[in-house]
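Engineer: Sequences are here, hints too, so could you generate the full structure?
There are 2 protein chains.
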Amino acid sequence: MSQNVYDQQEFFESYIKLDRQVRGLAGAPEWPQLKAMLPNLDALNVLDLGCGFGWFARFARENGAASVRAIDLSERMLNKARSLTNDEKIEYERADLEELRLAENYYDVVFSSLTFHYIANLPTLIKEIGKSLRPSGHLVCSIEHPIYTAPSRPSFVVDEKTGRQFWPLDGYQDEGLRSTNWFVERVKKQHRTVGTYIKMFLNNNLQLADFTEWYPDEKELELHPSWESELERPTFLLIGAIKR
Amino acid sequence: MSQNVYDQQEFFESYIKLDRQVRGLAGAPEWPQLKAMLPNLDALNVLDLGCGFGWFARFARENGAASVRAIDLSERMLNKARSLTNDEKIEYERADLEELRLAENYYDVVFSSLTFHYIANLPTLIKEIGKSLRPSGHLVCSIEHPIYTAPSRPSFVVDEKTGRQFWPLDGYQDEGLRSTNWFVERVKKQHRTVGTYIKMFLNNNLQLADFTEWYPDEKELELHPSWESELERPTFLLIGAIKR
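Those sequence lines, one after another, are chains A and B.
Numbering follows our numbering, with no gaps: position 27 of the first sequence is 27.
Numbering follows our numbering, with no gaps: position 121 of the second sequence is 121.
Certain hints may be false.
If several chains are the same, the list does not tell them apart, and a pair holds so long as it fits within one copy or across any two.
[As the list claims (entries may be wrong)] Derived pair list, reagent style SDA-like, types lysine to any residue, alpha-carbon separation capped at 25 angstroms:
#  : residue 1 : residue 2
1  : K189      : Q21
2  : K127      : K188
3  : K199      : P135
4  : K219      : G171
5  : K199      : D217
6  : K127      : L202
7  : K131      : R244
8  : K89       : S136
9  : K199      : A36
10 : K35       : M200
No lab work stands behind these hints: they were computed from the structure.
Structural biologist: In structure tokens, the structure reads:
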């Protein structure tokens, strides 16, 4: 059973104030690059894993998707998502992605935003995704970058001599549970290496098509000067893959 | 023109004492994983980029390769390589990989060990490799891992409180020249992100087949306790790709 921090009152109240919740996809800086990895959605069957407030599900329907099945573990998230649309072709569903089983050869697109790094039993989920995609179907996902999830103390250190900040990387090869504080204490994440993610995809007939380690461009840095630290180490990894 | 540090007396005298020069492939800890990425070499035409003393060229011939073209910039390395074999099917050649042009649709295997991170104009070289490989041909290569090449001060820092060591990652997105000291001062390397390497391959019809961030296993750690730091951050990235 996955941890369900999203249904904790304290977490939820902070989480919904994030720019990417208030403004949706437009508030997620990595969205333009992730969007560019998607095929034309017209008439496609879409699965959204970790749908949150349903921003992507609604985007997919606005862009012609025939249907969207949108899954989340959090009842609060799903209630909010349901309140934002009455589109009958979006099916919201509560399920634990650790245990999800999918029909074979059914979806054209599987999308997942910043969810896979919470899933302990990811090999099984990726296997289900591989099976459930039609030939030439797309998996498009974002995860927290392994460089971001690895460290035992994941915050920048300022070098006293130079004033330069660096990211104290350790434990990169030590895959598994990381416990961090994010609005509340002990949010559980799963660290995996880049190689482990890539091989999980390749082993399930998901051929790599895109791979982007997000960073802000000059315009974004002008608007958000604090994002400059993103140039020192990546936070988000975006991957596109195609079913063989 | 590439930097040719290998032909500097001081560098060369230290370099030839490395385990991987004295013992050849058996002295390179990442060799078993790199070898596993190779196809059966029987009757294949092989190109080795940055061949050094020719350890791989001789291995390829011992394993049935029809021919090996082995290229290096260093005259000293090539002279030593030539002295170690009289196999007429190994053709040693001095060339600058920055400027190499290759015949189309000719090689079955292109191999390159720890060389690409010295090449400034790598996009052109990868384009040439993509062109020169036959359909279903293999590119198998190792590079210094981007996590290893990125930092402005690439050496471990010991945390005074915990005694734990970490790798001071910075400048990950700042691609380009890095100048390091390795036997001699100012050895020039090129830092690129993982994403840049992967996209360079994908853009040249080289489909990812393998991706390994090398680390020592328990047996190797017993023999070489100092390699434990490899678990904190990877040094070597091994990539296998197949021409579409």
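Engineer: At most 25 angstroms between CA atoms: does that hold for K199 and P135 within a copy, between copies, both, or neither?
Structural biologist: Answer is both; intra-copy 19 angstroms and inter-copy 22 angstroms each pass.
Engineer: When Cα atoms must be at most 25 angstroms apart, do K199 and D217 count as within-copy, between-copy, both, or neither?
Structural biologist: Classified as between: cross-chain Cα gap 19 angstroms, same-chain 30 angstroms, threshold 25 angstroms.
Engineer: Within a copy, between copies, both or neither: where do K89 and S136 come within 25 angstroms Cα-Cα?
Structural biologist: For K89 and S136, only the intra-copy Cα distance (23 angstroms) is at most 25 angstroms; the inter-copy one is 42 angstroms.
Engineer: For K127 vs L202, is the C-alpha pair at or below 25 angstroms within one copy, between two copies, both, or neither?
Structural biologist: both (10 angstroms within a copy, 23 angstroms between copies)
Engineer: Is it within a copy, between copies, both, or neither that the alpha carbon of K127 lies no farther than 25 angstroms from that of K188?
Structural biologist: within (22 angstroms within a copy, 43 angstroms between copies)
Engineer: Up to 25 angstroms between alpha-carbons, please classify K189 paired with Q21: within, between, both or neither.
Structural biologist: Within one copy, since 20 angstroms is at most 25 angstroms while 42 angstroms is not.
Engineer: At most 25 angstroms between alpha carbons: which applies to K219 and G171, within, between, both or neither?
Structural biologist: Between copies only: 19 angstroms across, 34 angstroms inside.
Engineer: Given identical chains, is K199 near A36, meaning Cα to Cα at most 25 angstroms, within a copy, between copies, both, or neither?
Structural biologist: Answer is both; intra-copy 23 angstroms and inter-copy 14 angstroms each pass.
Engineer: Classify it for me, K131 with R244: is the Cα-Cα distance of at most 25 angstroms met within a copy, between copies, both or neither?
Structural biologist: So K131 and R244 pass the 25 angstroms test inside a copy (11 angstroms) and across (23 angstroms) alike.
Engineer: Can you give me the call for K35 and M200, within, between, both or neither, at a CA distance of at most 25 angstroms?
Structural biologist: Cα proximity of K35 and M200: in one copy and across copies (22 angstroms, 21 angstroms).
When each numbered hint is compared with the structure, no violation occurs for any of them.
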